[in-house]
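**Q** Sequence:
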Amino acid sequence: MAKSIAFSAIAPPDYLDAFVAQEPATVHHVAAQRVLTDAAYRAFFHREAQRGAEIIVDNGVFDLGHALPAADLIAAARIVDAREIILPDVMRDGLATIKASDEAAREILDLSDEFRLCVVLHAADDHEWLRCYDYFASSDYVGAIALPASRRPAPEDQLCRTRWAATRYLEDHGMVEDRIVYRLLGLGRTGHLELVEQREHEWIASVDGAAPVILGAMGIEMLPDGPYEKPPTPRIEDLGPIPEERFGLIRRNIAVVREAAGSSVRIPEAA
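The sequence shown stops at residue 792 when you use the numbering used here, and every number in between is there.
Just to be clear, a hint being listed does not mean it is correct.
[Stated by the list, open to error] Lysine to aspartate or glutamate pairs mimicking DMTMM-like chemistry, simulated, CA-CA at most 25 Å apart: (1) Lys620 <-> Asp661; (2) Lys524 <-> Asp535; (3) Lys620 <-> Asp655; (4) Lys751 <-> Asp584; (5) Lys524 <-> Glu698; (6) Lys524 <-> Asp646; (7) Lys620 <-> Asp646; (8) Lys751 <-> Glu677; (9) Lys751 <-> Glu766; (10) Lys524 <-> Glu766; (11) Lys524 <-> Asp631; (12) Lys524 <-> Glu718.
These are calculated hints, taken from the structure and not from any lab test.
Start from the sequences and build out the full structure, keeping to the hints where you can.
**A** And the structure:
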């Protein structure tokens with residue numbers, strides 16, 4: 522089995538110490554808009570950066586419906602000592618994603634070249650997926666490529682819908698670029714079980730996800746060997762107060778994901 526994949530747990534701001542803190546600190550995905558508006562949030566991730574974590578700043582498009590301006594993204598990244606900024610993307614539209622990423626990269630690089638820039642790979646079909654991948658893999662500004670989670674059932678060999686088919690295709694066809702960092706965004710329809718298979722690819726650096734926190738808050742246990750069944754869930758920002766009696770279950774769920782990812786990282790309170 523390959524090296525581990527770092528897992529970044531996503532939790533509401535009030536529960537960062539309880540569920541997001543890492544020992545040792547590795548990788549965190551951070552919302553740029555919260556860094557700019559929430560003093561406790563930015564202080565937490567700044568401390569994690571000082572402890573050695575790699576901080577990746579997301580642009581806000583998923584939460585807000587639009588990406589923050591380049592100057593705001595750079596400001597947020599500097600506040601938390603981030604190393605990477607995720608560029609905006611358009612779901613299931615490779616050409617629109619290329620356009621949005623190109624524009625954002627140009628605006629950021631006009632102001633600063635101190636951050637690695639990460640693109641998110643989207644496409645309407647496999648032809649577009651390959652075109653989009655080739656474009657980004659050959660673009661000088663791209664330092665990282667993120668593959669979004671597979672959300673709905675799809676043909677097993679469909680690159681644009683089935684993430685494990687996409688990663689296997691890249692490796693089998695010698696398309697992995699050494700200069701690029703590869704990330705997984707979110708847990709898909711098979712949850713943590715996908716990570717066992719993805720660990721076969723030593724070039725995958727990290728994955729993030731809110732599922733273990735949301736499911737645990739709902740009283741749902743993630744079983745190490747599955748099956749993984751995720752009912753309709755609220756967005757993380759709509760989760761509301763989490764009863765303290767659910768904390769243990771949430772921490773166990775996070776541990777299950779990290780075990781599937783081959784990670785020995787622990788939450789300090791539970792170490």
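**Q** To test your reading of the hints: which numbers does this structure violate?
**A** 2, 6, 10, 11
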